[in-house]
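Novice: Sequence:
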Amino acid sequence: MNVITDVATTAATTYDAQALPGIHARLGRRGLLPAEHLVDGGYTSLVHLEQAARKHQVTVTGPLPGNPTRQHRQNEGFGRDDFHIDFDRRQVTCPQGQVSRGWHGPYPTSSPTAAPLIVARFTKGQCQPCPARTQCTSSSESARNVGFPPRELRDLQVRVRTEQQTPQWKARYAVRSGVEGTVNEFAHGHGMRRCRYRGQQKAHLQHVLTAIAVNIERLSAVSPTGKASPPRPPTALQDFLDQHGIPRPKSWRTASD
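Be aware that the sequence shown starts at 0, since it is given in numbering that gives the first Met the number 0, and climbs by one per residue.
None of these hints come from the bench; they were simulated from the model.
Among these hints, one or two may not hold up.
To be verified - Pair ranges (Cβ atoms, derived):
#1 Glu-162 with Tyr-14: 43 to 53 Å
#2 Val-221 with Glu-75: 28 to 38 Å
#3 Leu-236 with Ala-10: 36 to 46 Å
#4 Pro-246 with Val-221: 30 to 40 Å
#5 Pro-94 with Thr-8: 45 to 55 Å
#6 Gly-244 with Arg-28: 29 to 39 Å
#7 Gln-164 with Ala-235: 45 to 55 Å
#8 Cys-194 with Gln-163: 31 to 41 Å
#9 Gly-244 with Asp-5: 56 to 66 Å
#10 Pro-94 with Gln-56: 33 to 43 Å
#11 Ser-141 with Tyr-14: 51 to 61 Å
#12 Glu-151 with Gly-27: 15 to 25 Å
#13 Ser-141 with Ile-3: 47 to 57 Å
Don't be surprised by glycine CBs; every beta carbon is placed ideally from N, CA and C.
Taking the hints into account, I'd like the entire structure generated from these sequences.
Specialist: Take a look at the structure:
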(Lines of atoms letter the chains of each structure in order from A and count residues from 1; the text may use other names and numbers.)
(Lines give C-alpha, C1' and ligand atoms only; values in the text may rest on other atoms or scores of the structure.)
Protein backbone atom coordinates (compact mmCIF):
# COMPACT_ATOMS: atom_id res chain seq x y z
CA MET A 1 0.00 0.00 0.00
CA ASN A 2 1.47 3.34 -1.08
CA VAL A 3 0.88 6.31 1.25
CA ILE A 4 1.60 9.84 0.02
CA THR A 5 4.21 11.50 2.25
CA ASP A 6 5.08 14.60 0.23
CA VAL A 7 3.13 16.79 -2.17
CA ALA A 8 4.92 19.27 -4.45
CA THR A 9 3.11 21.75 -6.69
CA THR A 10 5.20 23.50 -9.34
CA ALA A 11 4.65 25.61 -12.42
CA ALA A 12 3.98 23.61 -15.59
CA THR A 13 7.32 24.80 -17.01
CA THR A 14 9.33 23.22 -14.17
CA TYR A 15 11.34 20.12 -15.07
CA ASP A 16 10.63 17.07 -12.93
CA ALA A 17 14.29 16.77 -11.95
CA GLN A 18 14.30 20.31 -10.56
CA ALA A 19 11.72 19.31 -7.95
CA LEU A 20 13.74 16.37 -6.59
CA PRO A 21 16.12 18.27 -4.20
CA GLY A 22 13.17 20.03 -2.57
CA ILE A 23 11.32 16.75 -2.11
CA HIS A 24 14.32 15.19 -0.36
CA ALA A 25 14.85 18.27 1.82
CA ARG A 26 11.24 18.22 3.04
CA LEU A 27 11.28 14.48 3.70
CA GLY A 28 14.58 14.87 5.54
CA ARG A 29 13.19 17.52 7.90
CA ARG A 30 10.40 15.10 8.87
CA GLY A 31 12.64 12.05 9.14
CA LEU A 32 10.88 10.30 6.24
CA LEU A 33 13.73 9.90 3.76
CA PRO A 34 13.80 6.49 2.05
CA ALA A 35 17.01 4.52 1.58
CA GLU A 36 16.10 4.14 -2.10
CA HIS A 37 13.88 6.47 -4.13
CA LEU A 38 12.37 4.92 -7.28
CA VAL A 39 11.68 7.60 -9.89
CA ASP A 40 10.91 7.76 -13.60
CA GLY A 41 13.25 9.05 -16.29
CA GLY A 42 12.16 12.65 -15.78
CA TYR A 43 13.92 12.78 -12.40
CA THR A 44 17.19 11.00 -13.14
CA SER A 45 19.50 13.96 -13.51
CA LEU A 46 23.10 12.86 -12.99
CA VAL A 47 23.72 15.90 -10.78
CA HIS A 48 20.76 15.11 -8.53
CA LEU A 49 21.64 11.42 -8.25
CA GLU A 50 25.02 12.44 -6.84
CA GLN A 51 23.50 15.16 -4.67
CA ALA A 52 20.89 12.84 -3.16
CA ALA A 53 23.54 10.28 -2.22
CA ARG A 54 25.95 12.87 -0.80
CA LYS A 55 23.51 15.08 1.12
CA HIS A 56 20.78 12.65 2.13
CA GLN A 57 22.27 9.14 1.70
CA VAL A 58 19.40 8.34 -0.67
CA THR A 59 19.92 6.11 -3.69
CA VAL A 60 17.87 7.50 -6.56
CA THR A 61 16.94 4.64 -8.89
CA GLY A 62 15.56 5.31 -12.34
CA PRO A 63 16.49 5.00 -16.04
CA LEU A 64 19.42 7.32 -16.66
CA PRO A 65 19.33 8.88 -20.16
CA GLY A 66 21.70 7.35 -22.68
CA ASN A 67 24.61 8.93 -24.51
CA PRO A 68 23.22 11.78 -26.66
CA THR A 69 25.96 11.80 -29.32
CA ARG A 70 25.00 11.13 -32.93
CA GLN A 71 27.27 8.08 -33.16
CA HIS A 72 25.69 6.48 -30.11
CA ARG A 73 22.12 7.23 -31.21
CA GLN A 74 22.68 5.76 -34.67
CA ASN A 75 24.81 2.91 -33.30
CA GLU A 76 27.54 3.50 -35.87
CA GLY A 77 30.95 5.12 -35.74
CA PHE A 78 32.94 6.08 -32.65
CA GLY A 79 30.82 7.34 -29.76
CA ARG A 80 32.08 8.99 -26.60
CA ASP A 81 32.36 5.67 -24.80
CA ASP A 82 34.87 4.46 -27.42
CA PHE A 83 37.39 7.06 -26.22
CA HIS A 84 39.65 6.33 -23.24
CA ILE A 85 39.55 9.13 -20.66
CA ASP A 86 42.60 9.61 -18.41
CA PHE A 87 41.62 12.08 -15.70
CA ASP A 88 45.04 11.98 -14.02
CA ARG A 89 46.90 13.00 -17.17
CA ARG A 90 44.01 15.17 -18.38
CA GLN A 91 43.96 13.59 -21.82
CA VAL A 92 41.73 11.44 -24.01
CA THR A 93 42.87 8.71 -26.42
CA CYS A 94 40.77 8.02 -29.52
CA PRO A 95 40.12 4.50 -30.94
CA GLN A 96 42.93 5.09 -33.48
CA GLY A 97 45.50 5.87 -30.78
CA GLN A 98 45.62 9.66 -31.13
CA VAL A 99 45.95 11.60 -27.87
CA SER A 100 44.00 14.83 -27.37
CA ARG A 101 45.96 18.10 -27.41
CA GLY A 102 43.56 20.13 -25.26
CA TRP A 103 41.63 19.67 -22.00
CA HIS A 104 39.20 22.44 -21.07
CA GLY A 105 36.66 22.95 -18.31
CA PRO A 106 34.64 21.79 -16.56
CA TYR A 107 32.20 24.31 -18.03
CA PRO A 108 28.81 24.98 -16.42
CA THR A 109 25.84 24.08 -18.59
CA SER A 110 22.73 26.14 -19.28
CA SER A 111 20.45 23.58 -17.63
CA PRO A 112 20.38 23.42 -13.80
CA THR A 113 19.91 19.66 -13.99
CA ALA A 114 22.80 18.97 -16.38
CA ALA A 115 26.30 18.08 -15.24
CA PRO A 116 29.29 20.37 -15.87
CA LEU A 117 31.16 19.45 -19.02
CA ILE A 118 34.84 18.83 -19.69
CA VAL A 119 35.85 19.12 -23.36
CA ALA A 120 38.89 17.31 -24.81
CA ARG A 121 39.96 18.62 -28.22
CA PHE A 122 41.87 17.00 -31.05
CA THR A 123 43.60 18.96 -33.81
CA LYS A 124 42.98 19.05 -37.55
CA GLY A 125 46.42 17.58 -38.06
CA GLN A 126 45.35 14.52 -36.11
CA CYS A 127 41.86 14.10 -37.55
CA GLN A 128 42.07 15.04 -41.25
CA PRO A 129 44.53 12.30 -42.35
CA CYS A 130 42.84 9.65 -40.17
CA PRO A 131 41.56 6.67 -42.24
CA ALA A 132 38.60 6.27 -39.84
CA ARG A 133 37.59 9.94 -39.98
CA THR A 134 34.11 9.29 -41.38
CA GLN A 135 33.38 7.00 -38.41
CA CYS A 136 34.31 9.78 -36.01
CA THR A 137 32.97 13.05 -37.41
CA SER A 138 30.83 14.19 -40.31
CA SER A 139 32.72 17.47 -40.66
CA SER A 140 35.27 17.71 -43.47
CA GLU A 141 37.09 20.65 -41.88
CA SER A 142 36.99 20.64 -38.10
CA ALA A 143 38.46 18.09 -35.68
CA ARG A 144 36.70 15.88 -33.14
CA ASN A 145 35.86 17.18 -29.67
CA VAL A 146 34.76 14.87 -26.84
CA GLY A 147 32.64 16.13 -23.94
CA PHE A 148 32.09 14.33 -20.61
CA PRO A 149 31.33 15.14 -16.94
CA PRO A 150 33.99 15.36 -14.18
CA ARG A 151 35.44 12.14 -12.79
CA GLU A 152 33.03 11.59 -9.86
CA LEU A 153 29.99 12.13 -12.04
CA ARG A 154 31.46 10.13 -14.92
CA ASP A 155 32.11 7.14 -12.64
CA LEU A 156 28.55 7.38 -11.31
CA GLN A 157 27.16 7.62 -14.85
CA VAL A 158 29.03 4.51 -16.04
CA ARG A 159 28.04 2.50 -12.95
CA VAL A 160 24.33 3.41 -13.14
CA ARG A 161 24.09 2.76 -16.89
CA THR A 162 25.72 -0.64 -16.40
CA GLU A 163 23.51 -1.59 -13.45
CA GLN A 164 20.26 -0.70 -15.18
CA GLN A 165 20.92 -3.34 -17.83
CA THR A 166 20.96 -6.16 -15.26
CA PRO A 167 17.93 -8.37 -14.37
CA GLN A 168 18.42 -7.52 -10.68
CA TRP A 169 18.02 -3.80 -11.33
CA LYS A 170 14.98 -4.32 -13.54
CA ALA A 171 13.29 -6.52 -10.93
CA ARG A 172 13.94 -3.94 -8.22
CA TYR A 173 12.68 -1.09 -10.38
CA ALA A 174 9.50 -2.97 -11.28
CA VAL A 175 8.23 -2.15 -7.79
CA ARG A 176 7.64 1.38 -9.05
CA SER A 177 4.56 0.22 -10.93
CA GLY A 178 2.66 0.86 -7.69
CA VAL A 179 3.60 4.53 -7.93
CA GLU A 180 2.19 4.71 -11.44
CA GLY A 181 -1.04 3.27 -10.04
CA THR A 182 -1.15 6.10 -7.51
CA VAL A 183 -0.62 8.66 -10.28
CA ASN A 184 -3.45 7.07 -12.27
CA GLU A 185 -5.69 7.17 -9.21
CA PHE A 186 -5.11 10.89 -8.75
CA ALA A 187 -5.51 11.73 -12.43
CA HIS A 188 -8.60 9.64 -13.21
CA GLY A 189 -10.20 9.08 -9.83
CA HIS A 190 -9.90 12.62 -8.52
CA GLY A 191 -9.63 14.80 -11.62
CA MET A 192 -6.20 16.13 -10.70
CA ARG A 193 -5.35 17.09 -14.25
CA ARG A 194 -7.47 20.21 -13.74
CA CYS A 195 -7.14 22.73 -10.91
CA ARG A 196 -10.32 23.84 -9.17
CA TYR A 197 -8.79 27.12 -8.06
CA ARG A 198 -6.67 29.91 -9.52
CA GLY A 199 -3.14 30.44 -8.25
CA GLN A 200 -0.39 28.01 -7.34
CA GLN A 201 -0.92 28.27 -3.57
CA LYS A 202 -4.60 27.35 -3.86
CA ALA A 203 -3.78 24.58 -6.33
CA HIS A 204 -1.23 23.21 -3.84
CA LEU A 205 -3.87 23.20 -1.10
CA GLN A 206 -6.15 21.20 -3.40
CA HIS A 207 -3.34 18.70 -4.00
CA VAL A 208 -2.58 18.35 -0.29
CA LEU A 209 -6.22 17.85 0.71
CA THR A 210 -6.69 15.28 -2.06
CA ALA A 211 -3.59 13.38 -0.89
CA ILE A 212 -4.93 13.38 2.69
CA ALA A 213 -8.26 11.99 1.47
CA VAL A 214 -6.51 9.25 -0.52
CA ASN A 215 -4.36 8.30 2.48
CA ILE A 216 -7.41 8.12 4.76
CA GLU A 217 -9.27 5.94 2.25
CA ARG A 218 -6.29 3.60 1.85
CA LEU A 219 -5.64 3.31 5.58
CA SER A 220 -9.32 2.68 6.30
CA ALA A 221 -9.27 -0.23 3.85
CA VAL A 222 -6.72 -2.08 6.00
CA SER A 223 -8.25 -4.39 8.60
CA PRO A 224 -6.88 -4.54 12.18
CA THR A 225 -5.14 -7.78 11.26
CA GLY A 226 -3.21 -6.00 8.53
CA LYS A 227 -5.04 -7.72 5.70
CA ALA A 228 -6.66 -5.62 2.99
CA SER A 229 -10.44 -5.50 2.97
CA PRO A 230 -12.26 -7.24 0.12
CA PRO A 231 -12.92 -5.05 -2.94
CA ARG A 232 -16.06 -2.92 -2.95
CA PRO A 233 -18.89 -4.70 -4.80
CA PRO A 234 -20.31 -3.09 -7.95
CA THR A 235 -23.11 -0.57 -7.51
CA ALA A 236 -26.65 -1.18 -8.76
CA LEU A 237 -25.99 1.13 -11.68
CA GLN A 238 -22.80 -0.73 -12.61
CA ASP A 239 -24.66 -4.05 -12.45
CA PHE A 240 -27.41 -2.66 -14.69
CA LEU A 241 -24.88 -1.41 -17.27
CA ASP A 242 -23.05 -4.75 -17.25
CA GLN A 243 -26.26 -6.78 -17.62
CA HIS A 244 -27.33 -4.75 -20.65
CA GLY A 245 -23.90 -4.75 -22.26
CA ILE A 246 -23.49 -1.00 -21.89
CA PRO A 247 -19.81 -0.05 -21.63
CA ARG A 248 -18.80 1.96 -18.61
CA PRO A 249 -15.45 3.71 -17.93
CA LYS A 250 -12.91 1.64 -16.07
CA SER A 251 -11.48 3.35 -13.00
CA TRP A 252 -9.58 2.49 -9.85
CA ARG A 253 -12.91 2.46 -7.99
CA THR A 254 -14.53 -0.44 -9.90
CA ALA A 255 -14.42 -3.90 -8.41
CA SER A 256 -13.48 -5.51 -11.72
CA ASP A 257 -10.20 -3.56 -12.04
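Novice: Just pull the numbers of the violated hints for me, sorted ascending.
Specialist: As far as the earlier hints go, 1, 2, 6, 9 and 11 are violated by this structure, in ascending order.
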